[in-house]
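Chemist: The listed protein sequences derive, respectively, from chains E and H.
Using my numbering, read the first sequence as starting at 1 and increasing by one per residue.
Using my numbering, read the second sequence as starting at 1001 and increasing by one per residue.
A hint or two may mislead.
Straight-line C-alpha distance at most 20 Å; calculated EDC-like pairs for lysine to aspartate or glutamate [what the hints assert, rightly or not]:
1) H/1145 - H/1122
2) H/1145 - E/177
3) E/145 - E/365
4) E/145 - E/10
5) H/1173 - E/138
6) H/1173 - E/285
7) E/145 - H/1284
8) H/1145 - H/1283
9) E/173 - H/1280
10) E/145 - E/177
11) H/1145 - H/1284
12) E/145 - E/283
13) E/145 - E/38
14) E/173 - H/1138
15) H/1145 - H/1005
16) H/1145 - H/1259
Because the hints were derived from the structure by calculation, they are not lab data.
Predicted model, so just to flag it, every value in this text is computed and none were measured.
Protein chains: 2
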Amino acid sequence: MPPFEVPEGDPFGPHNLPYGVFSRAGSQERTVGVRLGDHVLDAGAAAVALGSPYAALLARPTLNPLLAAGRTAWSDVRRALTAWVTVPSHQETIAPFLHPLSSVTLRLPFEVADYVDFYASENHARNVGQIFRPDAEDSLTPNWKHLPIGYHGRSGTVVVSGTDVVRPSGQRKAPGDPAPVFGPSVRLDIEAEVGFVVGVPSRLGRPVALEDFREHVFGLCLLNDWSARDIQAWEYVPLGPFLGKSFATSVSAWITPLDALEEARVAPPERTHPLLPYLDDSEEEPGGYDLRISVAINGHVVSEPPFSTMYWTAAQQLAHMTVNGASLRTGDLYGSGTVSGAEPAQRGSLLELTWNGREPLELPDGKRTFLEDGDVVTLSAWAPGANGVRVGLGEVTGRIVAD
Amino acid sequence: MPPFEVPEGDPFGPHNLPYGVFSRAGSQERTVGVRLGDHVLDAGAAAVALGSPYAALLARPTLNPLLAAGRTAWSDVRRALTAWVTVPSHQETIAPFLHPLSSVTLRLPFEVADYVDFYASENHARNVGQIFRPDAEDSLTPNWKHLPIGYHGRSGTVVVSGTDVVRPSGQRKAPGDPAPVFGPSVRLDIEAEVGFVVGVPSRLGRPVALEDFREHVFGLCLLNDWSARDIQAWEYVPLGPFLGKSFATSVSAWITPLDALEEARVAPPERTHPLLPYLDDSEEEPGGYDLRISVAINGHVVSEPPFSTMYWTAAQQLAHMTVNGASLRTGDLYGSGTVSGAEPAQRGSLLELTWNGREPLELPDGKRTFLEDGDVVTLSAWAPGANGVRVGLGEVTGRIVAD
Chain E
1 MPPFEVPEGD
11 PFGPHNLPYG
21 VFSRAGSQER
31 TVGVRLGDHV
41 LDAGAAAVAL
51 GSPYAALLAR
61 PTLNPLLAAG
71 RTAWSDVRRA
81 LTAWVTVPSH
91 QETIAPFLHP
101 LSSVTLRLPF
111 EVADYVDFYA
121 SENHARNVGQ
131 IFRPDAEDSL
141 TPNWKHLPIG
151 YHGRSGTVVV
161 SGTDVVRPSG
171 QRKAPGDPAP
181 VFGPSVRLDI
191 EAEVGFVVGV
201 PSRLGRPVAL
211 EDFREHVFGL
221 CLLNDWSARD
231 IQAWEYVPLG
241 PFLGKSFATS
251 VSAWITPLDA
261 LEEARVAPPE
271 RTHPLLPYLD
281 DSEEEPGGYD
291 LRISVAINGH
301 VVSEPPFSTM
311 YWTAAQQLAH
321 MTVNGASLRT
331 GDLYGSGTVS
341 GAEPAQRGSL
351 LELTWNGREP
361 LELPDGKRTF
371 LEDGDVVTLS
381 AWAPGANGVR
391 VGLGEVTGRI
401 VAD
Chain H
1001 MPPFEVPEGD
1011 PFGPHNLPYG
1021 VFSRAGSQER
1031 TVGVRLGDHV
1041 LDAGAAAVAL
1051 GSPYAALLAR
1061 PTLNPLLAAG
1071 RTAWSDVRRA
1081 LTAWVTVPSH
1091 QETIAPFLHP
1101 LSSVTLRLPF
1111 EVADYVDFYA
1121 SENHARNVGQ
1131 IFRPDAEDSL
1141 TPNWKHLPIG
1151 YHGRSGTVVV
1161 SGTDVVRPSG
1171 QRKAPGDPAP
1181 VFGPSVRLDI
1191 EAEVGFVVGV
1201 PSRLGRPVAL
1211 EDFREHVFGL
1221 CLLNDWSARD
1231 IQAWEYVPLG
1241 PFLGKSFATS
1251 VSAWITPLDA
1261 LEEARVAPPE
1271 RTHPLLPYLD
1281 DSEEEPGGYD
1291 LRISVAINGH
1301 VVSEPPFSTM
1311 YWTAAQQLAH
1321 MTVNGASLRT
1331 GDLYGSGTVS
1341 GAEPAQRGSL
1351 LELTWNGREP
1361 LELPDGKRTF
1371 LEDGDVVTLS
1381 AWAPGANGVR
1391 VGLGEVTGRI
1401 VAD
């Protein structure tokens, strides 16, 4: 009998192996962990015990050194880890370094450099357009089909799943009000997104081509772009969202390497407009990912947004973000934008799910337009893997606490 | 005769003592320097030679440890430095650690955490409004007088003065064009700004009050927020500037501590609208700074924007930026927004100086609407000090190079 076993079909089996950073009970010390079933492997300690050269990348308090190491190293480390958790002789060596997930504290897995947020779901953009500009001829702005719209967010307030979110205060002003008022946001919302994590930097002045996406991007996580709609509405013209978003952005504790998601690659939706060459992916390998997201409030699923519906791919977003010569750094994080499918039950924000509060959701504990204090929001997701086995993407969760 | 002397009235005399980071000729090693006249003092080496306890803050490759040390340490270190450069016995000890500025390479003085850019000049905002919305009833957006409008920029592309700026490429589309085209920006501009550098972090969920500005902000620098107007115009609705700004932001090599600018404090312009309590500075000490900026293209001065005209102060910007609970980190940088005075010759961008290209500038080497390849833009500034002696703020310069 092997020293440990992951049940067959477990979404966190040896086919997955996402990376995180954890601390053991009673310790503040951080180290890289790899999830295996309901355990986390202290990957650095295992590497040291096995005399692996990858100890230098894994016995570290953050994923950044591994992120910076590049695609060849990413593949080599993954191959090594796969052997450690599947070959019986290695299994015996690493068994002491497996800790039950329930016994550890998961940390922010990497130091976030720049954080950018996109707006890449056509369904989401059309819903928002219809809600806020009901009389407009086209619910999309004229640039939407020509470039992936994005903006920079606050990297210093990216927090790991499980961190409480303090309800932000700020200015708001309804159209008829004579002056703005100040107070806690009364329209606190979520945005269900996927975040992409940059590993390999690029040089200032040198764009990154579409086809180099996998050389720079290590993996992905789940991301909740908490949004105070009332603060945002009053502040965002003309320079975009600021305090309506900057109070917190939550990411999942596990970064799933792109290498674990090969089976999930799909073609993006058909393009309705010709694309400029730097964004034209018609000759590229499929740039979409079939990720099945679930949004729950207090344990009750309210939406299941399908990531495969995103109009702009992560590779296109990377190419666009750098086409002006802006450089990448290890730890750059970019969000996909709210994921909303075509169906009402696939919308990734309460703004859309309740149609700006006009159609409240019926939850077991009462109606919701926007979030109430004490609400716990959990995004979770999985992707199809080989042989019908799911690749688990974990979850990102957060509880709203009063100011 | 003392071992070194700074000419009387020199704007970089012992009353100033701005901080930077430099490398000696032929070396990549970085260390903290303090400017004295046309020399830079290796402050860490001097501290070690004098047995100073501040060696731990100064013998470092970046200003971040000093920034994080807090106001009491900032004052103590400044007092020590003042003694080192003025007391004869100390002067002899530190003389070997003074290097001619011409012999060193100046580096980015601190690691930039988050970068935020504001929009705080009423003259600038009105000029932009009149240029782009000539038919609007009010050239300011309705929120402008109620909050300091800001957005996050790209911290990874903040570069030190002297770094070449590659002309960015991107999408642009004139209103009559059927589709966007791609190519190098043809409307490359500057924005003359002042940048504020955060030293002491704050806790997530805890706003920083107006009166705590000086506990968190260490000092200021000059900042050129390079802007590709054509890229920006096509991309910025609805989420704000992105690639039109993210290719480069240049900062001066010297960070002037707020302690050197006590004589330059002035009241901001009279407020025309009542302010919410968290922004109401009517009972505070003067929050403005009388900084005299000069903008030169290829050595020819084209504008002299007065910072004292800024409607929103740096303290108000800090209070606003954190009022939603967003936390500060050591190394956060925020720009004032383009500084434009009331007079045409005080405008801080070519957009305004040429009224969107309609009134070209006459330079000795020809007409300019926007920047041409090879143009060198230099912002410099000084502030009034005690006894009529200027406090030099140095310069931020950059040359445009073809893509």
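Chemist: Taking the hints in turn, state whether each one holds.
Modeler: Tested hints:
1. A distance of roughly 9 Å separates the Cα atoms of residue 1145 of chain H and residue 1122 of chain H; the hinted pair therefore holds under the 20 Å criterion.
2. Among the hinted pairs, residue 1145 of chain H with residue 177 of chain E is consistent with the structure: their alpha-carbon atoms are about 15 Å apart, no more than 20 Å.
3. Between the alpha carbons of residue 145 of chain E and residue 365 of chain E the distance comes to roughly 40 Å, so the proposed pair goes past 20 Å and is violated.
4. At roughly 39 Å between alpha-carbon atoms, residue 145 of chain E and residue 10 of chain E are farther apart than 20 Å, so this suggested pair is violated.
5. Pair hint residue 1173 of chain H plus residue 138 of chain E holds up; C-alpha atoms about 18 Å apart against a cutoff of 20 Å.
6. Distance restraint check for residue 1173 of chain H and residue 285 of chain E: the Cα-Cα separation of roughly 29 Å exceeds the 20 Å cut-off, and the hinted pair is therefore not satisfied.
7. Of the pairs offered as hints, the one joining residue 145 of chain E and residue 1284 of chain H is violated, with about 49 Å between alpha carbons and a cut-off of 20 Å exceeded.
8. With a C-alpha separation of about 19 Å, the suggested pair residue 1145 of chain H and residue 1283 of chain H falls inside the 20 Å cut-off, and the hint holds.
9. Taken as a hint, the residue 173 of chain E and residue 1280 of chain H pair is honoured in the structure, with Cα atoms around 18 Å apart against an allowance of 20 Å.
10. Our distance criterion of 20 Å between C-alpha atoms is broken by residue 145 of chain E and residue 177 of chain E, whose separation comes to about 35 Å.
11. For the hint pairing residue 1145 of chain H with residue 1284 of chain H, the CA-to-CA distance comes to about 19 Å; that is within 20 Å, so the pair holds.
12. Among the hinted pairs, residue 145 of chain E with residue 283 of chain E is consistent with the structure: their alpha-carbon atoms are about 18 Å apart, no more than 20 Å.
13. Among the hinted pairs, residue 145 of chain E with residue 38 of chain E is inconsistent with the structure: their alpha-carbon atoms are about 42 Å apart, more than 20 Å.
14. Among the hinted pairs, residue 173 of chain E with residue 1138 of chain H is consistent with the structure: their alpha-carbon atoms are about 18 Å apart, no more than 20 Å.
15. Taking the CA atoms of residue 1145 of chain H and residue 1005 of chain H, the gap is about 48 Å. The hint is violated against a cut of 20 Å.
16. Between residue 1145 of chain H and residue 1259 of chain H, the direct Cα distance comes to roughly 29 Å. Violation of the 20 Å bound is thereby established for this hinted pair.
In this structure, the earlier hints numbered 3, 4, 6, 7, 10, 13, 15 and 16 are contradicted, and the remaining ones agree with it.
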